[in-house]
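Start from chain A and add chain B according to the hints.
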Amino acid sequence: MNIHEYQAKELFKRFGVPVETGGVARTPDEAVARYDEIVAAHGPDTQVVIKAQIHAGGRGKAGGVKFAKSREECAAVTRELIGKTLVTHQTGPQGRVVRSVLVTSVMKVQRELYFAVLLDRTVSRPVVIASTEGGMDIETVAAKTPEKIVREIIDPALGMMPFQARKLCKALGLSGDLATAGTKLMLNIYRIFWECDCSLVEINPLAVAADPAGKVSVFPLDAKFNFDDNALFRHPDIAAMRDPNEEDPRDVEASKHDLNYIGLDGDIGCMVNGAGLAMATMDIIKHYGGSPANFLDVGGGASVEQVTAAFKLLCSDKNVKALLVNIFGGIMKCDVLAAGIIAAAKAVHIPVPLVVRLEGTNVELGKKMLQESGLPIITATGMADAAEKVVRAARGV
Amino acid sequence: MSILVDKNTRVIFQGITGSAGKFHATHCHKYAGNVVGGVTPGRAGEVDLDGVKMPVFDTCAEAVRQTGANATCIFVPAPFAADAILEAADAGIPLIVCITEGIPVNDMVRVKRVLAGKKSTRLIGPNCPGIITPGQCKIGIMPGYIHKPGSVGVVSRSGTLTYEAVWQLTTRGVGQSTCIGIGGDPVNGTSHLEAVRLFNNDPATDAIVLIGEIGGSAEEEAAAWIGEHCKKPVVAYIAGMTAPPGRRMGHAGAVISGGKGTAAAKIEALRAAGIAVAETPAVIGETLVALLKSRQRARPRKASAPSAKRAKSVKKPAAKKPAKRK
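For the protein sequence lines, the chains are A and B, in the order given. Heads up: take any position in the first sequence, counting from 1, add 112, and you land on this note's numbering. Heads up: take any position in the second sequence, counting from 1, add 881, and you land on this note's numbering.
The hints are all genuine.
Cross-link-like lysine-lysine pairs, in silico, DSS-like; alpha carbons within 27 Å at most:
| no. | chain 1 | residue 1 | chain 2 | residue 2 |
| --- | --- | --- | --- | --- |
| 1 | A | 125 | A | 296 |
| 2 | A | 256 | B | 1141 |
| 3 | A | 181 | A | 196 |
| 4 | B | 1141 | A | 260 |
| 5 | A | 336 | A | 282 |
| 6 | A | 336 | B | 1141 |
| 7 | A | 445 | B | 911 |
| 8 | B | 1029 | B | 1174 |
| 9 | B | 1141 | A | 398 |
| 10 | A | 445 | A | 480 |
| 11 | B | 1029 | A | 445 |
| 12 | A | 173 | A | 256 |
| 13 | B | 1000 | B | 1112 |
| 14 | A | 445 | A | 368 |
| 15 | B | 1000 | B | 1113 |
Non-contacting residues of chain A with respect to chain B, defined by C-beta distances greater than 12 Å in every case (computed):
| no. | residue |
| --- | --- |
| 16 | 128 |
| 17 | 247 |
| 18 | 447 |
| 19 | 455 |
Here are a few chain B residues that sit away from chain A, every Cβ distance over 12 Å (derived from the structure):
| no. | residue |
| --- | --- |
| 20 | 910 |
| 21 | 929 |
| 22 | 935 |
| 23 | 936 |
| 24 | 939 |
| 25 | 971 |
| 26 | 1000 |
| 27 | 1078 |
| 28 | 1112 |
| 29 | 1152 |
These aren't lab readings, by the way, just hints derived from the structure by calculation. It should be emphasised that the depicted structure is a prediction, and the values quoted were computed from it without experimental measurement. C-beta: ideal position from N, C-alpha, C; glycine also.
Next comes chain B alone, as it looks inside the complex:
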């Protein structure tokens, strides 16, 4: 099991005839064979994905009708990306993954306003690496081979930093249920909190890695929710301890403004919620492995204990390891 995408996901690529769209559609299809076609206005026909012929449609509505697509991956240039997202939503596609970087903030404000009224549509991104359920479905630009099927859910605002964390897990033999890159923009579709909530409800996810960065308060909101409701162990890492205030650190959303959105404040909020925060990016994998081991030791033998209660009782000491057992 997994969240949002699996082996039954049928993906179209909006912007499939562009160089980036075609390149990544090819890689996604090679990974698990979920690509069913693409959309480029005015270019209906066929596209060759390294020997595999895929239908191309003029509109999303037609693509959905012909292919039964239930997900889309957007590689449309930034000036037209908001329109592409809304076209996908209008066509009834439940999962929209927008990779495009550099979409004007006001365009995303408008998109969010429309999507707020469509509960059956979920947007991931923009400006993100995408989503992958290892071995089952890859929608995005992440290298597939660094992932391994398993039970850790990963959610992150970053691209290569997520690969770094995932690789640390995989090389330690820890697989992932699903990895979601929610993107580095100030206005995005799925938040940290929503992703954590999905992982919390997913029976196949046993633990969660949350990777955040400076800017906004999405990590603090997720932390508050985790402290109250999350039944599963969470490890976090926040990038940007050394970032100067007022400067955008590459991502449009990674900026400390008016003293808000600092890494220190986020780490404090996460720790206050009982979340184990990795000191450096080099020990994200290690921290999770240590946490899982300490929980195994702390777990009571009676397997029949109600799971929610059990998790609650171990969570706090888990952050500080043994302390509780005496």
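If we strip away everything but chain A, and leave its shape as in the complex, we get:
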């Protein structure tokens, strides 16, 4: 799960990480109220920045970040941004509708650094990463100048130790008061990562900057948070930050039925039990010259209700020219699954050819049921046969 920038800054505040003055606004009136708060804190003529809140990077280039120097200007910019569809390199051509803005004071940036906390899978421990090359894509830095990235592995029993933060500050060239502030900031951000069950906290840039009063310190100017979905049950406050407007409607529909769905841009819809087999099914479709329209794992138990919901979801994709169902029945018997497919196929009008490959427990009975159902189902034996048949069906031959 991802959150908005304004929600990230609220989390920072809660954990004692310094951020700009300001807050979220959903109307021009609210934006003016934020403006007044900023002026009250920093004096008249303070410049503010107004940033469109969407879950995608590249907002500045797309016209989603604007400055204002008066109440009127602040209201006008907000009026313009709210309701606007922003198209950035991360949103896709359809863009995202702006529903709120973040209004804050402006920092005078002196240096841009990079700081992140994530899981190091090779050692099964959190790792803290810092770099002097802030504002750049960290993968580019890792590829071109790997020596500019420093890392500290964290012992989960201890948490991040102050000496580790001091080492990183030294490597970032922070000294004196800046090192003290940087150390405190790093330790607090690590606490957010651990206590909120994040899978990633990325601060890019972490800025050495002057606030409107001219005081220079270290601030997280932009932040990306990912949370471990498996741990949301113990963070109702974070779960409440979910914004369904920012998610693919097909993904939202799928998660309602406990289906694992990821939309792609091909034309062969697939329904499979098990994540590994679902990926392998996509791959073999591609191998035989087709293109998968989605990843869909219906899980081991696949009830009639789930299979029905899955068919509806697949058929709602207008690009889909053929469907492939690939099931390896283990404990779940093929005849039970066949009954589910038949019931679902009768309940949902399937406008495209349907190829079904069943294997496993009671497979003969399951195949017989499909054949006798009177439904125009193309049965397949083995994954290669299934993939060839569905690719041919999608081409209309």
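Only chain B this time, still in chain A's reference frame:
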């Protein structure tokens, strides 16, 4: 022979009174009769596994004392699963198989930190189908009948994709020594490398099937080790060639992040180590059979040659079939 589990394994089920726990304990017991009891806190007494009465204990420590269990299978709900794993480790159970899906990553980070100091405890999973030595012991949710006793070791991060591969072997008359599902989470107990190492040391395993998927670098680490040390032929398959970056493909660990963990990179690492990689999931069985045949042809007649050397000398050409014999 086999690795980790055999006919002498005595298994308890943690969460045996829950519906999934009871269902699978029943099937595991029917398969080879290794189940000796279960644990559900606050529910000590008895449970009926389709006509077979099994003792239920409040704690793992008590279950071990009373039944002599040397393995456990965990069906405890995700929020409590880390605690269940550590309870089993504390009770001295050497093999812990955790089936539970959806355990928070940080919980597993803590579990791994504790288990790192307990060399006598092995965790398999979580979020896995379990482990089976065909005909001798089944601990997990896999359908028993698709397996056949034999000499191919199978290790995989997936469930149904493993069944697919195993079924391809069985229908070609190729049996398995042991099949391990190591699970699809980013932090898990036993890695591909550790499983391969166990198979390499197992006299009853002649060849290995390694099934991986996108995300992390466990397959690359296994490949590097195999290239250096493995005496036995290995066939691999990697799922997720068509997976888009940045999206979790069902398994929490199956994600390409920061350009790392792609199927292409894994396949390259495996091939560089002389491992035969199946082009599609439909030919995993075929690829292994072809590899075993080509090795038989390539094998020198002198049976007394030291086995490690012999394997080494055939490994590279085996991937590309004859080439070497001229």
